[in-house]
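These protein sequence lines map, in sequence, to chains A and W.
With this note's numbering, letter number 415 in the first sequence gets 415, and the count goes up by one each step, no holes.
With this note's numbering, letter number 67 in the second sequence gets 1067, and the count goes up by one each step, no holes.
Don't read these hints as lab results, they were simulated from the structure.
DEER-style ranges, computed between Cβ atoms: (1) W/Val-1121 x A/Trp-220: 32 to 38 Å; (2) W/Ser-1087 x A/Lys-343: 43 to 49 Å; (3) A/Lys-343 x W/His-1097: 40 to 46 Å; (4) A/Pro-341 x W/Glu-1103: 40 to 46 Å; (5) W/Gln-1007 x A/Pro-273: 32 to 38 Å; (6) A/Trp-220 x W/Gln-1104: 27 to 33 Å; (7) A/Glu-389 x W/Ala-1099: 40 to 46 Å; (8) W/Ser-1087 x A/Trp-220: 43 to 49 Å; (9) A/Ala-392 x W/Leu-1064: 54 to 60 Å; (10) W/Pro-1063 x A/Ser-352: 54 to 60 Å; (11) W/Leu-1064 x A/Gly-278: 31 to 37 Å.
Note that beta-carbon positions come from the ideal geometry of N, C-alpha and C, so glycine has one too.
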Amino acid sequence: MVWLTAAVAFFGGGVILVVELSAVRLLAPWFGASSQVWTHVIGVILLALAVGYALGSRLAASARPQRVCGMALCLGAGWVAWLPSLTAPVCEWLMPPGLSLERAASVLGWASLGASCLLFAPGALLLSTLSPLLTESLQRAQGGSAGQAGGRVLAAGTLGSLAGSFLTSYWLIPELGLQHSFRGCALLLAVLGAALLVVRQPGSRAALVLLVPALAGSWWSEWRRPALPAGATLLAQAESSYQSVRVIERDGWRFLQVNEGLDSFQSVWQPRPGPFGGGYYYDAFVLVSHWSAASDQPWRLLSLGMGAGSLLRAFEGQRECRGDGIEIDARVLELARTHMPWKESPGFAVHSGLDARVALRQLPGPYDQIVVDAYANQTEIPAHLASAEFFALVWTRLAAGGFVCLNVGAFGNEDPLVEAIARTLAAACETPVLACRLPFSRNVLLVARKQQALPVPGDTSFLPPAGHSLRRLAQALCLPGATRLFPAGGLPELTDDRSPLESLTRASLARGASH
Amino acid sequence: MQSSEFQAALALAREGEFRAADERAQTLADPLERVQAQVYLRHHAGDLEGALGTCREGLLEYPLDAYLLATRQELALALARPQELVSDGREAEQLRHSAALLEQGQLRAKSVVLVSAILLVGLLLWAARPRTP
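Generate the whole structure from the sequences, applying the supplied hints.
Next comes the structure, spelled out in structure tokens:
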């Protein structure tokens, strides 16, 4: 009896943590995995736990708490089993498919909170009734004080949670995937529930019928990702350690999408090498390299957040690149090498599994161009990659006359996110920063140059020669309002200590949706 | 009848020489041609926001101009702005439908959160109250 109680407390605590940590991954393809979504999921689960503890304490007064505990386990098993297949319909009910990123932004917060309530509150509530019920059972079976029984149950449950947290991150999600992890948890709860219902519980066997939803769910429940855009075919998809990733193809072009990609993408690939044309911001990075006089030398490039290598694809045939590329998600590079290949060269080293800032500390430079295009999820620039301290570090790795370029997903040069990052860069490096609103896109390029002046839009040094594939882009940037110069100096708005990047991103998306 | 200067400005924009096209457009004598050329070149330069804004301003002066009306419709669809649409059609209907779905989703999400909060807090208060013997 003691061992069964300890096992239920241990595995119940473990499953709650598995569900809590996997919950964000279930929601990520619709709402992302931002700290806002984490806050909603954890907040809802904590409220449900509080209610479950109170409810469990009330149910503990029943004649047979062990039987109630078994029933809660069986119901909880059914809920865990069906969670993957319930996610898509609930999320699509709250956030209709086919929305653009900026329009969806207005509903992301409420929808992720609503989905958390519907999907995660019932199960967390059921499983949290276990602790008081087990405590009561243990005290009745063994005697002793309530504190003694409660302490033992809490210790077993907390150890289970500890195991659940490590297992989820290091084995369940990367090795088994979400669907099998939930199936496994459901079966584990079902076995424990059945054990409690049949062991020395006369008349409880009828309650085993509660296991039917769990067993059915374990067999049929299936997690579905968001639908593909019209006319697109799926080439590959994976759950990496960081995100949901998929490669889709449309009209011969390939796109890497992550999490709540909606109508946007993280990387693009076309069959023909070189600049992409249209509204693909990678071309702007190549344009910047033309602003340097030394066009016959290999271009020393550092790409921080290289994704599936679109930047290198755009450079192909334009300049010979030497240097380094950093991508934190090794799975993205695996998919890219298979489905979105670029011309790899021995002079350009690709490093995976490294954070851009950590890698930057190890790379001595100097580089002619450092491109910062690192995003967490779809819309969030990691705070430590947009702080004054980070920009100061980047500056030390630039050669004289070198450029630092940042891609900022934003709606124009007056966007609050653009202003904050540009002013921080201008302050940290004590240099003017040019903001370029890129045509046919929702991206702004920020450029600063070390020890030399930036070219003025419209000057001959700004424009590639007539007939060049990037001249049209440069000409578009010469129109009034397309660029904005932020003066050198001032106070940085974003530091390692204080960085309101997430609220700025939300303000930016709201601005885009309100036009 | 469009002036040759107007045609020249448009030709420059088509070639991607936007700065020269802009300079030429600003010197056009006819104010309607000036607006049309500005809209055209901004549209082709990828400044869809700017083109829509210029179009909107132009329509205040020339509300029946067919080019400005058609371009505003095209830009409203490209930027998914149902409030900027000037006429109906299948695509416009889809855009309005999508906007209505978004509002519905928002309402649903807020209702779910409200009802869940009431239920959970109510259950908590009920479960936590002292039991009478």
